[in-house]
Amino acid sequence: MRLSTLYLSVALAFFGGIETTLAQNVENGRRLSERWCTECHAIAPAPAKRNRASPFSAIAAKETINSDMIASFLLLPHATMPNLPLSRQDAQDIAAFIMGMKR
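Our numbering applies: residue -15 is where the sequence shown begins, and numbers increase by one.
To be clear, the hints were calculated from the coordinates, so they are not data collected in a lab.
Be careful, since some hints might not be right.
Straight-line Cα separation of at most 25 Å, SDA-like style, residue types lysine to any residue; simulated pairs [said to hold, decoys possible]: (1) K46 - H62; (2) K86 - L16; (3) K46 - L60; (4) K86 - A28; (5) K46 - W20; (6) K86 - E47; (7) K86 - S38; (8) K86 - S71; (9) K46 - E23; (10) K86 - N50; (11) K46 - S17; (12) K46 - R14; (13) K86 - S41; (14) K86 - L70; (15) K86 - V10; (16) K86 - N12; (17) K46 - L16; (18) K86 - R14; (19) K86 - C21; (20) K46 - C24; (21) K86 - P29; (22) K86 - M65; (23) K46 - M65; (24) K46 - M85; (25) K86 - W20; (26) K46 - C21; (27) K86 - R72; (28) K86 - M53; (29) K86 - I43; (30) K86 - R15; (31) K46 - K86; (32) K86 - P39; (33) K46 - R15; (34) K86 - E11.
Based on the sequences and whatever the hints tell you, model everything.
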């Protein structure tokens, strides 16, 4: 019984760590943001020339926001945003990129 509990604990730690690592591919989030989001959002710390939407740094600065909320938001249809062909992993990567701007 103890041995099986040990194996289960190691497996959960190992696979849980992989999921966390995959969920936080900030570099992929940056690339996707440059491709899909720069038309409306400032994604760099410096302001963009034309902002029709909140800069990512302002989104990250909100006290009530977290990565899970951003990722969920990106996967839902919106009247003011195009429906992007994002996978759940892509949405999590963009969310990690945005939250990396939190000051």
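Tested hints:
Restraint check for K46 and H62: the C-alpha separation of about 20 Å stays at or below 25 Å, so the hint holds. Of the pairs offered as hints, the one joining K86 and L16 holds, with about 19 Å between alpha carbons and a cut-off of 25 Å not exceeded. With a C-alpha separation of about 20 Å, the suggested pairing of K46 with L60 holds against the 25 Å cut-off. Between K86 and A28 the CA atoms are separated by roughly 12 Å; this keeps the pair inside 25 Å, and the hint holds.
The hinted pair formed by K46 and W20 meets the criterion: a straight-line CA distance of about 22 Å does not exceed 25 Å. About 10 Å separates the Cα atoms of K86 and E47, which keeps this hinted pair within 25 Å; it holds. Restraint check for K86 and S38: the C-alpha separation of about 14 Å stays at or below 25 Å, so the hint holds. With a C-alpha separation of about 24 Å, the suggested pairing of K86 with S71 holds against the 25 Å cut-off.
Distance hint between K46 and E23 is fulfilled; the C-alpha atoms sit about 22 Å from each other, no more than 25 Å. For a cut-off of 25 Å, the pair hint linking K86 to N50 stands: about 10 Å separates their Cα positions. Simply put, K46 and S17 have alpha-carbon atoms about 19 Å apart, close enough for the 25 Å limit, and the pair holds. With a CA separation close to 20 Å, the supplied pair K46 and R14 stays within the 25 Å bound.
Among the hinted pairs, K86 with S41 is consistent with the structure: their alpha-carbon atoms are about 6 Å apart, no more than 25 Å. The hinted pair formed by K86 and L70 meets the criterion: a straight-line CA distance of about 23 Å does not exceed 25 Å. The suggested pairing of K86 with V10 holds, with an alpha-carbon distance near 13 Å, which does not exceed 25 Å. Among the hinted pairs, K86 with N12 is consistent with the structure: their alpha-carbon atoms are about 18 Å apart, no more than 25 Å.
A distance of roughly 22 Å separates the Cα atoms of K46 and L16; the hinted pair therefore holds under the 25 Å criterion. For a cut-off of 25 Å, the pair hint linking K86 to R14 stands: about 15 Å separates their Cα positions. Distance restraint check for K86 and C21: the Cα-Cα separation of roughly 18 Å lies within the 25 Å cut-off, and the hinted pair is therefore satisfied. This hinted pair checks out: K46 and C24 have alpha carbons roughly 19 Å apart, not beyond 25 Å.
About 10 Å separates the Cα atoms of K86 and P29, which keeps this hinted pair within 25 Å; it holds. Straight-line distance between C-alpha atoms of K86 and M65 comes to about 23 Å, which keeps the hinted pair within the 25 Å bound. Under the criterion of a C-alpha separation no larger than 25 Å, the hint pairing K46 with M65 is consistent with the structure, at around 20 Å. Note on K46 and M85: the hinted pairing holds, with a Cα-Cα distance of about 11 Å set against a maximum of 25 Å.
For the hint linking K86 to W20, the alpha-carbon distance of about 21 Å falls within 25 Å, and the restraint holds. Among the hinted pairs, K46 with C21 is consistent with the structure: their alpha-carbon atoms are about 19 Å apart, no more than 25 Å. Restraint check: the Cα-Cα separation between K86 and R72 comes to about 22 Å, which is no more than 25 Å; the hinted pair holds. At most 25 Å may separate the alpha-carbon atoms for a hinted pair to count; K86 and M53 meet this at roughly 15 Å.
Annotation: proposed proximity of K86 to I43 holds, straight-line Cα distance about 8 Å (limit 25 Å). A hinted pair counts as satisfied when its Cα atoms are at most 25 Å apart, and K86 with R15 qualifies at roughly 18 Å. For the proposed pair K46 and K86, the alpha carbon gap of about 9 Å is at most 25 Å, so the pair holds. Restraint check for K86 and P39: satisfied, since their Cα atoms lie roughly 12 Å apart, inside the 25 Å limit.
The straight-line distance between the Cα atoms of K46 and R15 is roughly 23 Å, inside the 25 Å bound, and the hint therefore holds. This hinted pair checks out: K86 and E11 have alpha carbons roughly 16 Å apart, not beyond 25 Å.
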